[in-house]
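Chains as they are written, first to last, in our numbering: chain F, 5 to 235; chain A, 11 to 460.
Calculated directly from the structure, the hints in this document are not laboratory data.
Be aware that a few hints might be false.
[Stated by the list, open to error] For lysine-lysine, the following PhoX-like pairs were computed, each having C-alpha atoms within a straight-line distance of at most 25 Å:
#1 F/K95 with A/K27
#2 A/K70 with A/K251
#3 A/K345 with F/K77
#4 F/K95 with A/K456
#5 A/K75 with F/K23
#6 F/K23 with A/K456
#7 F/K221 with F/K37
#8 F/K126 with F/K188
#9 F/K161 with A/K261
#10 A/K24 with F/K77
#11 A/K296 with A/K27
#12 F/K120 with F/K161
#13 A/K61 with A/K184
#14 F/K12 with A/K70
#15 A/K56 with A/K261
#16 F/K95 with F/K188
#17 A/K453 with F/K86
#18 F/K181 with F/K95
#19 F/K221 with F/K36
#20 F/K135 with F/K120
#21 F/K95 with A/K24
#22 F/K188 with F/K209
#23 F/K77 with A/K456
#24 F/K95 with F/K135
#25 F/K120 with A/K345
#26 F/K12 with A/K453
[As the list claims (entries may be wrong)] Partner residues are not named here, just some residues of chain A that face chain F (Cβ under 7 Å, in silico):
#27 M11
#28 L19
#29 R23
#30 K27
#31 T89
#32 F333
#33 E334
#34 P454
#35 R455
All values reported here derive from a predicted model rather than from experimental measurement.
Quick reminder that beta carbons are idealized off the backbone N, C-alpha and C, glycines included.
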Amino acid sequence: MSNLFELKNLSYGYIDGGKKRMILNDLSYSFKKGVFYTILGPSGSGKSTLLALASALDAPETGSVHYAGADIKEMGFSQFRKHHMSMIFQKYNLIDYLNGVENVTANMGAIKSRDKNDLAYKVLNQVGIVKSKADRRVTRLSGGEQQRVAIARALAKDASLVLADEPTGALDTATAKEIIALFKRISKEFGKTVIIVTHSDEVAKNSDVILHLTNGKLVEMGSEQSNVTGE
Amino acid sequence: MHIFQLAFLSLIRKPTKGIVIFSVLFMIFSLIFTGIIIQNTITASKDYTRKALGGNVEMKIDFAKAMQDIQGASGETRTEIENQMVLPENMAKVLSEDAAVSKTHIERTLYTSSDSLQSAVSNDGGSFGISLASPVGGGTSLFLLASNQNIPLDFDKQLKLEDGSFRTDEDREKDTVLISSEFAAKNNLRVGDNVAVKLFPEGEPVSFEIIGLFSGAPNHMVDQFYISEASVERHAPEQLKNISRVVWQLKDPFDIPDFLASYSVQMPSEYIYLDASTEQYNQLTKPLDVMSTVFDLLMVVIFIAGAMISIAIVTLFVRDRQFEIGLLLANGESKVRILSQFSVEIFFVAVFAFVGAFALSLLSSDLVASWIAANQLVESTQPSQGMFFINDMISGPQLTMSQVAESFKVSIDGDTLLALAVASLGLILAAISAPLSVILSYKPRKSLQN
Ligand SMILES: Nc1ncnc2c1ncn2[C@@H]1O[C@H](COP(=O)(O)OP(=O)(O)O)[C@@H](O)[C@H]1O
Ligand SMILES: [Mg+2]
Chain F
5 MSNLFELKNL SYGYIDGGKK RMILNDLSYS FKKGVFYTIL GPSGSGKSTL
55 LALASALDAP ETGSVHYAGA DIKEMGFSQF RKHHMSMIFQ KYNLIDYLNG
105 VENVTANMGA IKSRDKNDLA YKVLNQVGIV KSKADRRVTR LSGGEQQRVA
155 IARALAKDAS LVLADEPTGA LDTATAKEII ALFKRISKEF GKTVIIVTHS
205 DEVAKNSDVI LHLTNGKLVE MGSEQSNVTG E
Chain A
11 MHIFQLAFLS LIRKPTKGIV IFSVLFMIFS LIFTGIIIQN TITASKDYTR
61 KALGGNVEMK IDFAKAMQDI QGASGETRTE IENQMVLPEN MAKVLSEDAA
111 VSKTHIERTL YTSSDSLQSA VSNDGGSFGI SLASPVGGGT SLFLLASNQN
161 IPLDFDKQLK LEDGSFRTDE DREKDTVLIS SEFAAKNNLR VGDNVAVKLF
211 PEGEPVSFEI IGLFSGAPNH MVDQFYISEA SVERHAPEQL KNISRVVWQL
261 KDPFDIPDFL ASYSVQMPSE YIYLDASTEQ YNQLTKPLDV MSTVFDLLMV
311 VIFIAGAMIS IAIVTLFVRD RQFEIGLLLA NGESKVRILS QFSVEIFFVA
361 VFAFVGAFAL SLLSSDLVAS WIAANQLVES TQPSQGMFFI NDMISGPQLT
411 MSQVAESFKV SIDGDTLLAL AVASLGLILA AISAPLSVIL SYKPRKSLQN
C-alpha cells in the first residue's frame with residue numbers, strides 16, 4: 005500500500021508561563037490509503053495539536069506535512085482542506101441554521117445542485133440518516149445523528165482523508181460504538197484513510213492501526229510496544 | 011451552496027441577529043434621515059423667505075452715521091458730509107445696466123404748494139408727529155412723487171388702487187396723476203377730473219388728469235401726488251435733480267449676494283449703501299441657522315455613535331459565530347467568501363432598515379415642516395413684530411406664516427434620497443469593517459477552541 009499522508013519531523017510547542025514547552029518532538033509518521041488509524045493518548049498529551057497540524061489548521065514550527073507526495077504548505081493550506089481532507093470534531097461540526105442535507109451539500113465541490121441533493125440524500129442514507137431526518141435542522145438531531153451527518157459530509161466531499169478529533173467524546177457508549185463502526189465502514193467500503201484521535205481504548209480496538217502519542221512522538225502499538233510505558 | 015442562499019437561510023432560521031441589527035439600523039437611519047430632512051426643510055424655508063422678500067436692492071443714505079459724524083465736526087467737514095448725502099444719479103444708471111437687473115425704479119420728490127387745493131392731513135391724531143411746515147407764501151404744501159415707472163414702488167405693498175387705473179405706456183405723453191381717496195374727498199375730485207399743480211413753488215401750473223385714486227396711505231402721505239417723470243421732463247426738466255429713491259429689481263432673488271458684493275464697494279461715499287432686506291432675511295432666518303448648526307452637530311454625533319453601536323453589535327454577532335467561521339475555515343472556505351456572506355446578510359437587513367426609515371421619514375417630513383414653520387419662525391418673529399408680517403419690505407407680497415409652511419413641505423427629492431443613501435452606506439460600511447477585521451484576524455484553529 006502506498007503512503008498517502010506523511011508527517012515529517014514535526015515539532016510544536018507552547019509558551020507556558022514564559023517557558024517554552026514542546027508538545028510534539030520531531031514526530032514522523034506515514035499513513036497509508038484505506039487504513040483506519042486511531043491515535044491514543046491521555047488528555048493533554050498533544051493529540052489535538054497533532055491533528056491541527058495534520059489538518060492544516062495550524063503550521064508546525066519545524067517539519068512538514070505531505071499529501072500524495074506534495075507539501076501541503078506549497079499546495080496551500082485552504083486548498084488542502086477544501087479538496088483532500090474532511091475534519092470532524094467532538095461537537096459543533098455542523099452549521100446550525102442549515103438542515104442535514106444542506107450541511108452536506110454546502111461543502112460539496114462544483115457539481116450541479118440537483119445532483120448534489122441526490123448524492124447528499126444517498127450518502128446520508130448510507131450513514132443511517134433517512135430523508136425525514138436529513139430535512140431537519142441539525143439542532144434538532146441527537147448527538148449521534150449529528151456525527152453521522154458530519155461523516156456523510158466528509159464522504160460526500162469525496163476527499164481521501166478523514167480526520168476526527170474525539171468524535172465520540174460527547175456520545176454515550178452504545179452510540180459511540182455505532183459511530184466507530186461507521187468510521188470503520190467508510191475506510192473499508194470507500195477506501196478512505198481515517199485518522200481518529202481518542203483517549204478511549206474501546207474505540208482504538210476497532211481500528212487497523214493503533215498509534216500512541218508519547219513524549220511528542222507517535223509510536224505504533226505492537227511493533228514498538230516496549231516503548232509504550234503507562235503515564 | 012451560493013452565498014446568497016446561505017445568507018438568506020442564516021437570516022431566516024436564526025432571526026435574532028437580523029432583528030437586533032435591523033432595530034439598531036432602523037433607529038439610527040431614522041434619526042439621520044429626520045436630521046437630513048430638517049436640514050433640507052431649513053434650506054427650503056430660507057430659500058422661500060429669500061424669494062418672498064423679493065429680489066429688490068435699494069440704494070440708501072446712512073443718516074444715522076452721517077448725523078453721528080456731523081456732530082462736533084467743523085463747519086467745513088459738515089458741509090462736505092452734507093454734500094455726500096445724495097443718491098448718485100450715475101450709480102443708478104451703472105447698476106441698472108447689470109444683466110441681473112430686470113427693472114430700475116427711480117423716484118424723485120418735488121416740493122410745491124397750492125392755493126386752491128386743501129390738505130387732507132388730519133391734525134386730530136397727530137400720530138406721526140410730522141409737522142408739515144407751511145410753504146413760503148402760504149397755501150397747502152404738496153409732495154409730488156415723480157416715478158420713471160408706471161406703477162410707483164409704494165403700490166407694491168402699502169397703497170392700493172381704489173378707483174381708476176395705473177398709468178400705461180401709451181399715456182406717457184399725457185400728464186397724469188394718482189391721488190389719495192382722502193385728498194379726492196376733501197377737494198371733491200374724481201377720476202377723470204383735472205387738477206392744476208405747480209411743479210415747484212414758483213412754477214407755472216400744469217394740468218394733470220386724475221387717472222386713479224388710492225387708499226391705504228398713512229396720514230402723512232395723503233397729500234402725496236404720484237406723477238410721471240416724463241411730465242417733469244416736459245414742463246420743468248431742471249427739477250429732475252435729486253433722486254429720493256432708487257430700487258433695482260433683480261430677476262432672481264438669489265443673485266442678491268453677488269450683486270451686493272460687486273457694487274457695495276463702488277458706492278461713491280461711506281454714507282451711501284445698498285440694502286436688500288438683508289436685515290429681515292437675517293432676522294427671519296437666524297433661528298433657522300442656529301437650528302441648522304445644532305442639527306449638523308447632532309447628526310455628526312448620531313452618525314459616530316450609530317457607527318460605534320453598529321460596529322459593536324455586528325462584532326458581537328460575528329464573535330457569536332466563531333464556531334461557524336472556524337468550521338467553514340476548517341472545511342477550506344476562504345475568508346473572503348465568509349466575509350461576503352456576512353456582508354450580504356448585513357446589507358440585506360440594512361436595505362429593510364433603509365426602506366423602513368425612509369417610509370417613516372416621509373411621514374415625519376410633513377410634521378417637521380409644520381413644526382419648523384409653527385414654532386421656530388413664529389417664535390423668532392413674535393417678540394419683535396407680534397405677527398409674521400414683513401412690513402419693512404421695499405416691495406413684494408406680504409409674507410405670512412402659512413405661506414411659508416405650505417411652500418416647503420415637500421422636501422424629499424432625488425438629492426435628499428441620495429444623501430440618505432450615502433449616509434446609510436457609510437454607516438453600513440463602518441459596521442461591516444468590524445466583521446471584516448474580526449474574520450481576517452481569525453486563525454482557524456483558534457476559532458474552534460474555547
Ligand atoms: N493555545 C495553547 N496555549 C498553550 N498551551 C496549550 C494550548 N493549546 C493546548 N495547550 C497545551 O498543550 C498540551 C496539549 O494539548 P492538546 O493538544 O489539546 O492535548 P489533547 O488533545 O491530547 O488533550 C496541553 O497541555 C494543553 O494544555
Ligand atoms: Mg483534545
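- [ ] Tell me, in ascending order, the numbers of any earlier hints that this structure violates.
- [x] 5, 9, 10, 11, 13, 14, 30 and 31
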